[in-house]
Amino acid sequence: MLVKMALRNLGRNRRRTVITLISISFGLMLALIFTGIGDSMYAKLIDGAAGLGWGHVSVMPPEYIDFPSLNKSLTSADTVLETVRSDPDITHAVARIVGEGMLSTARESVGIGFAAIDPEAESPKTLLLLEHISDGELFAADDHAGVVVGRKTADSLGVSIGDRVVFTCTDRNGEIVSSLGWVRGIYQTGSDQVDRFLILLPMQKIQSLVGFEPNEVTFVAGISRNAWRVGRALARLEQKDSLAEYEVNPWNLTAPDMAGVITLDRLFNYLFQVIVFLLVAAGILNTILMSVLERNREFGVMLALGMSPGRLFRLVVTEALWLSVFGILSGLIITAPIHHWLHTKGWNISSMIGETDIAGVIYDPRIYSDLRLISLLVIISAAFVIILLAGIYPAWRAGRTVPVESLKHIG
Amino acid sequence: MQSKRAPIVTLTNVCRFYTQAAETVRAVDDVSLTIYTGEFAALCGPSGSGKTTILNMIGALDNPTSGAVVVDGKDLGKLSASEKSLFRRDRIGFVFQAYNLIPVLTAFENAEFVLVLQNVDSETRRERIMSLMEQMGMKGLDNRRPDQMSGGQQQRVAIVRAMATEPAIVLADEPTANVDSQTAVSILDMMAELNQKHGMTFLFSTHDQRVIDRAHRVIRLHDGKIAENHS
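Chains A and B, in that order, are what the protein sequence lines are. Under my numbering, the residue at position 398 of the first sequence is numbered 398, and the numbers go up by one with no gaps. Quick note: to get my numbering, add 411 to the position in the second sequence (first position is 1).
Please note: incorrect hints may appear among the correct ones.
To be verified - Straight-line Cα separation of at most 25 Å, BS3-like style, residue types lysine-lysine; simulated pairs: (1) A/Lys408 x B/Lys550; (2) A/Lys125 x A/Lys345; (3) B/Lys550 x A/Lys4; (4) B/Lys489 x A/Lys408; (5) A/Lys240 x A/Lys345; (6) A/Lys125 x A/Lys152; (7) A/Lys408 x B/Lys608; (8) A/Lys240 x A/Lys72; (9) A/Lys4 x A/Lys125; (10) B/Lys495 x B/Lys550; (11) B/Lys485 x B/Lys636; (12) B/Lys495 x B/Lys485.
Note that these hints are calculated values from the structure, not bench results.
Make the full structure from the sequences, and use the hints.
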């Protein structure tokens with residue numbers, strides 16, 4: 001009877017109930033859409049950060065992350081690659097040598113960062129900028145003199161496809177070494193920071209130039225099938241005996257700027273959601289409190305007839321429960337088509353923004369919503385709890401009704 | 412006749428004083444009274460004479476300032492709030508002046524409300540309520556909501572609700588005040604019939620002469636004191 005009464009009580013002032021349900025639905029929709037967009041954007045940013053070269057996880061020599069140097073290396077790249085690839089959440093693993101140096105022509109010189117790669121092992125999945133080669137192509141496996149540069153670097157040096165450049169860096173012993181190369185490809189990511197800094201060089205050439213053995217690299221990058229599964233892969237890889245002498249680092253350590261951006265954005269997102277939910281909760285509190293105050297006499301009658309204050313409390317909480325059930329259901333119903341559109345088609349915001357990079361990481365200017373199951377469950381649970389909490393005070397007041405006062409008339 | 416029956420309500424030197432705007436209002440002033448099982452008694456008197464206050468104290472809704480109220484063998488002053496709540500549920504039947512049905516419940520649901528609180532099974536509830544509704548001439552109206560019933564019909568439902576739990580006493584506060592005279596007569600006839608058939612004890616507060624005329628015993632109150640008490 002309590003459940004039935006609570007349901008019918010919501011129907012007593014339909015307009016007020018509908019307005020409350022709209023506010024719950026709207027609040028829930030905002031929370032879900034913003035979280036979905038956030039989840040999608042963070043996953044893309046994480047994938048973007050991973051695609052810049054470090055992967056979602058990277059196996060590297062101890063302390064390399066704090067003190068990078070060509071003195072530090074992995075001496076058994078094949079074993080490490082095999083171990084990383086064997087993880088169920090890792091789809092690709094590639095070896096890299098990275099460092100800094102200078103790229104010159106006869107007239108100009110620019111400081112650059114280099115990544116020496118094995119072109120046969122790489123794809124846009126492992127190195128995002130391969131997708132953005134606008135002129136020429138990636139050097140072939142047997143091309144030991146190929147160089148791929150960013151558009152900004154090419155412009156600074158005044159080079160184009162086929163032009164000769166000189167690459168200079170210090171080897172593992174601190175000696176300055178140089179090598180001649182030819183521009184095979186020019187990429188343009190849209191990120192100034194990337195386009196003017198990073199160049200790609202053939203692995204074998206750099207190994208011999210800096211004094212590495214054929215099986216020696218700076219680090220091995222692993223690409224996860226899902227940005228949110230990195231933690232699990234990381235935990236497993238850290239337990240592997242073959243990696244015991246190395247560090248296994250997640251993307252947030254190799255791309256700390258991006259991790260900071262995501263953390264800050266998430267914080268604001270949570271704050272925004274808390275504010276939305278507090279506003280919704282205030283509305284619900286007002287609705288239920290009004291309905292409780294209006295029924296003071298009725299509650300007095302119920303208590304006079306022998307209903308316990310606890311049961312009356314439960315009646316009002318059940319009303320809040322119904323409100324939360326209907327509010328959440330209607331919220332999900334109105335969110336579903338919006339989420340579907342954002343999930344499948346996305347919203348192109350390129351006209352609203354200029355550059356397409358955040359903290360040096362390139363991203364798609366189209367906004368998608370990709371709500372994680374855990375986010376969905378957390379938001380629904382939070383909405384449910386908040387609505388129930390909003391019903392507690394009115395329910396407590398109802399339970400404290402003094403029947404003789406409520407029924408009072410002179411006699 | 413009274414002496415052969417057991418007392419169901421005993422008020423001993425009961426006082427109920429209120430403070431209103433720094434003045435003490437003596438709503439009930441040193442009242443001693445005994446109501447016996449099966450009585451059909453009326454508390455009458457002008458407004459403010461203390462009728463409702465006495466009913467509230469007997470119904471465990473209000474506490475006396477001093478004195479003792481014993482109902483169905485229980486000294487109400489010694490019961491906790493939750494014990495009083497259970498006592499009201501199980502031993503008292505209330506009929507209010509303004510019917511006070513729960514608007515979202517049907518006639519049947521209102522009538523069975525207290526039985527639900529008592530966790531009586533649905534079959535027993537239906538059996539008992541339908542039988543009482545038939546006796547009260549309410550057959551076929553069980554699915555109506557209060558706003559779909561006349562005042563008289565609502566008061567009949569309230570009486571069924573009060574009777575359904577087979578309480579020790581039915582306390583009716585001005586039960587005919589809000590209904591027309593024809594309905595008032597029919598309601599009184601029904602209550603009298605229930606009193607005779609089931610031996611149910613009724614205590615009314617009223618200033619309706621029709622109620623007073625039908626009562627087997629009339630207790631007149633004036634300024635919170637018993638002015639007259641006769642059968």
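If you test the structure against every hint from before, which numbers come out violated? Of the numbered hints given earlier, those the structure breaks are 1, 5, 7, 9 and 10, listed in rising order.
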